[in-house]
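Protein sequence lines correspond, in order, to chains A and B.
Per numbering that gives the first Met the number 0, the first sequence starts with residue 0, numbered consecutively.
Per numbering that gives the first Met the number 0, the second sequence starts with residue 0, numbered consecutively.
Just to be clear, a hint being listed does not mean it is correct.
Below are the DSBU-like pairs computed for lysine-lysine, each with C-alpha atoms no more than 35 Å apart in a straight line [said to hold, decoys possible]:
1) A/K471 - B/K59
2) B/K59 - A/K264
3) A/K32 - B/K51
4) A/K74 - B/K59
5) A/K383 - A/K371
6) B/K78 - A/K215
7) A/K391 - A/K371
8) B/K54 - A/K280
9) B/K26 - A/K430
10) A/K194 - A/K205
11) B/K6 - A/K74
12) B/K59 - A/K32
13) B/K54 - A/K9
14) B/K78 - A/K430
15) A/K9 - B/K51
16) A/K370 - A/K324
17) B/K59 - A/K194
18) B/K54 - A/K32
19) A/K82 - B/K51
20) A/K471 - B/K78
21) B/K26 - A/K82
22) A/K92 - B/K6
23) A/K194 - A/K92
24) B/K59 - B/K78
25) A/K223 - B/K54
26) B/K54 - A/K245
27) B/K26 - A/K74
28) B/K54 - A/K430
29) A/K9 - B/K26
30) A/K280 - A/K223
31) A/K82 - B/K54
32) A/K56 - A/K9
33) B/K6 - A/K32
34) B/K51 - A/K264
35) B/K51 - A/K205
36) B/K26 - A/K194
37) B/K26 - A/K324
38) A/K280 - B/K6
39) A/K215 - B/K59
40) A/K215 - B/K51
Hint data in this document are derived by calculation from the structure and do not stem from the laboratory.
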Amino acid sequence: MVADRLRDIKSHYDVVIIGSGLAGLTAANCLAKCGRSVLLLEQHYNFGGMATWFHRKGGHIFDISLHGFPIGMIKSCRKYWTKEISDSIVQLKGIRFDNPQFQLQTTFDRQDFTRILVEEFGIESETVEAFFDAARGMDFYDDQSMTTRELFEKFFPGRSDVVRMLMEPIAYANGSTLDDPAISYGIVFSNFMSKGVYIFRGGTDKLIYMMRQELKANGVDVRKQVLVDRVVVEDGTVRGVMANDKFISCGAVLSNANLKTTIDKLVGHDQLSPEFVAQAKAVRLNNSSCQVFIGIREGETLDHIGDLLFTSVDPEFDSVRLCAKDVTSRTFSMYYPDTRPGSNRYAVVSSTNANWDDWAHLSEDDYQTEKKHLIETTIAALEKYIPDVRKKIDHVEAATPRTFYHYTHQAMGATFGTKFEGLQVSMDLPKQIHGLFHAGSVGIIMSGWLGAINYGVIVANEVDSLCHEDGKSEGRMAS
Amino acid sequence: MGDQRIKNIILEIIAIVAPDAEITDVKTDIRLRDQLDLDSMDFLDIVMELRKRYKIEIPKEEYPELATLDSCAAYLGPKLAGVAAT
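One chain only, chain A, in its complex shape:
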């Protein structure tokens, strides 16, 4: 007998939110604080979407993402969540780069990047300042024809080493490439590489727990292991959702599912104009990821070798090579006991970008062999920084694009949502169907953790506005 995950739900909600990624969670909290009745549905057994974690025998806890986010998260968490959550955000001070072009350590802020570019790379300080100012001045409404590659060529012609330092962290943060629009790079760069990298002290499990407590306090009805089958639309207007074979009535739906999943599966093309469907079809997904989770045996320790290590053995930065199955570039996120105060455990999470197609079609045997290879090469790469790490490892496992697809239902295991053209489609969805909204990782600008939270708020405002207008017209009808 399957437990009824929808027991005692109300007959109607102002808003149903599909998916509990950071955008969905934050939108739910905002709308509840605006006085709306909100039902949040998550298909997985954890809330958080990609902001998630898992436990393994031997006392290991692994954070899947949230390995570093920009300073803006402090303000956004304080405004849209609680002071307690915001106060738990701490800076990671040891950010290292190690590749054939340079080895350096940085505090990851404008001042330190300027120092490095001037003193170690020999760039004129005026050029560095002009680059930072140009990036900061970029706006979503600017011309999108210039690519990131062209932006770098304009300021640092022929300097692949400079490109590497300025690009590698952004590629890991949101999957962007040198061929994406310069504005999307500029906006994310200005947010991310300006005042340091931050992390949530206590781990993702604690963050999501605190968010759930806050949602409960604000009256959000949260349900997990509920898979929404489709959004019910009549006469171009949202009526509710079908989930676990039940119809749930609502005035608005906010989908925090992948944009493609929302349009292709949850809504269906017959509800949308052919032009919009064509526009949505043309949206490209971002790449996926591979990760290796390494748990250190209880009682063993690791020296402090930095918090976040951008490593590569590639001669130069290359967006295509960065995703290749034959991995040459990795980010190591080091977890020392102070990440989770009270714990005595060490862990390392290696993250690399990856292509869905390289992993999706392997036979089961080949898939297992490739995973073993990924684990083995990752440990070998880590030995460069921690020579005796192998004998301290108690648990190791790998995640691939298939793993991300399995747990998040993101189309093609996309770990960074869609390319920039997804943003327009996401924003235009409410014009197609009255009461239907989308918030999620779209368009690079609205990706990464800060983008996710803020986009959740931006869309929550639209939903609240619709609830306000619909409430007024219902009032008129009643009178």
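Chain B: place on chain A using the hints.
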């Protein structure tokens, strides 16, 4: 609702959405974002808070009307005309 009351309400809301903003000496004719380090998300929060408190809707294309305290008072005056100055 009088102009002064509207300006005070905006300052009250800013104090909530941007707790670090120094709101004791705000010039009424200078752009708020130039004086208080407010970003576009802060303005969105002001719009949401006004909707919640006074049931008024500010369309996206009219957000620039909230640029200064003076323009806030001029723009919101008619919208808040029927609202008691509580």
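Hints, verified against the model:
1. With a CA separation close to 19 Å, the supplied pair A/K471 and B/K59 stays within the 35 Å bound.
2. A C-alpha spacing of about 30 Å is found between B/K59 and A/K264, which places the hinted pair at or below 35 Å, so the restraint holds.
3. Annotation: proposed proximity of A/K32 to B/K51 holds, straight-line Cα distance about 9 Å (limit 35 Å).
4. Restraint check: the Cα-Cα separation between A/K74 and B/K59 comes to about 23 Å, which is no more than 35 Å; the hinted pair holds.
5. The hinted pair formed by A/K383 and A/K371 meets the criterion: a straight-line CA distance of about 19 Å does not exceed 35 Å.
6. Taken as a hint, the B/K78 and A/K215 pair is honoured in the structure, with Cα atoms around 34 Å apart against an allowance of 35 Å.
7. Proposed proximity of A/K391 and A/K371 is supported: the alpha carbons are some 18 Å apart, at most 35 Å.
8. For the proposed pair B/K54 and A/K280, the alpha carbon gap of about 38 Å is over 35 Å, so the pair is violated.
9. For the hint pairing B/K26 with A/K430, the CA-to-CA distance comes to about 39 Å; that exceeds 35 Å, so the pair is violated.
10. For a cut-off of 35 Å, the pair hint linking A/K194 to A/K205 stands: about 24 Å separates their Cα positions.
11. Annotation: proposed proximity of B/K6 to A/K74 holds, straight-line Cα distance about 24 Å (limit 35 Å).
12. A C-alpha spacing of about 21 Å is found between B/K59 and A/K32, which places the hinted pair at or below 35 Å, so the restraint holds.
13. Taken as a hint, the B/K54 and A/K9 pair is honoured in the structure, with Cα atoms around 25 Å apart against an allowance of 35 Å.
14. The straight-line distance between the Cα atoms of B/K78 and A/K430 is roughly 26 Å, inside the 35 Å bound, and the hint therefore holds.
15. For a cut-off of 35 Å, the pair hint linking A/K9 to B/K51 stands: about 23 Å separates their Cα positions.
16. Of the supplied pair hints, the one linking A/K370 and A/K324 holds, its CA atoms being roughly 10 Å apart against a limit of 35 Å.
17. Proximity of B/K59 to A/K194 is assessed by CA-CA distance (about 30 Å); at most 35 Å being required, the pair is judged to hold.
18. With a CA separation close to 14 Å, the supplied pair B/K54 and A/K32 stays within the 35 Å bound.
19. Our distance criterion of 35 Å between C-alpha atoms is met by A/K82 and B/K51, whose separation comes to about 21 Å.
20. For the hint pairing A/K471 with B/K78, the CA-to-CA distance comes to about 15 Å; that is within 35 Å, so the pair holds.
21. The suggested pairing of B/K26 with A/K82 holds, with an alpha-carbon distance near 29 Å, which does not exceed 35 Å.
22. Annotation: proposed proximity of A/K92 to B/K6 is violated, straight-line Cα distance about 42 Å (limit 35 Å).
23. The suggested pairing of A/K194 with A/K92 holds, with an alpha-carbon distance near 11 Å, which does not exceed 35 Å.
24. Taking the CA atoms of B/K59 and B/K78, the gap is near 15 Å; set against the 35 Å cutoff, the hint holds.
25. The straight-line distance between the Cα atoms of A/K223 and B/K54 is roughly 33 Å, inside the 35 Å bound, and the hint therefore holds.
26. At roughly 34 Å between alpha-carbon atoms, B/K54 and A/K245 fall within 35 Å of each other, so this suggested pair holds.
27. At most 35 Å may separate the alpha-carbon atoms for a hinted pair to count; B/K26 and A/K74 meet this at roughly 24 Å.
28. For a cut-off of 35 Å, the pair hint linking B/K54 to A/K430 stands: about 23 Å separates their Cα positions.
29. A distance of roughly 49 Å separates the Cα atoms of A/K9 and B/K26; the hinted pair therefore is violated under the 35 Å criterion.
30. Restraint check for A/K280 and A/K223: satisfied, since their Cα atoms lie roughly 30 Å apart, inside the 35 Å limit.
31. For the hint pairing A/K82 with B/K54, the CA-to-CA distance comes to about 27 Å; that is within 35 Å, so the pair holds.
32. Taken as a hint, the A/K56 and A/K9 pair is broken in the structure, with Cα atoms around 39 Å apart against an allowance of 35 Å.
33. Proximity of B/K6 to A/K32 is assessed by CA-CA distance (about 24 Å); at most 35 Å being required, the pair is judged to hold.
34. This hinted pair checks out: B/K51 and A/K264 have alpha carbons roughly 34 Å apart, not beyond 35 Å.
35. As the CA atoms of B/K51 and A/K205 are separated by approximately 30 Å, the hinted pair is consistent with the 35 Å bound.
36. A C-alpha spacing of about 29 Å is found between B/K26 and A/K194, which places the hinted pair at or below 35 Å, so the restraint holds.
37. A C-alpha spacing of about 58 Å is found between B/K26 and A/K324, which places the hinted pair above 35 Å, so the restraint is violated.
38. Taking the CA atoms of A/K280 and B/K6, the gap is about 47 Å. The hint is violated against a cut of 35 Å.
39. About 31 Å separates the Cα atoms of A/K215 and B/K59, which keeps this hinted pair within 35 Å; it holds.
40. For a cut-off of 35 Å, the pair hint linking A/K215 to B/K51 stands: about 20 Å separates their Cα positions.
Of the hints listed earlier, those the structure fails to meet are numbers 8, 9, 22, 29, 32, 37 and 38, in rising order.
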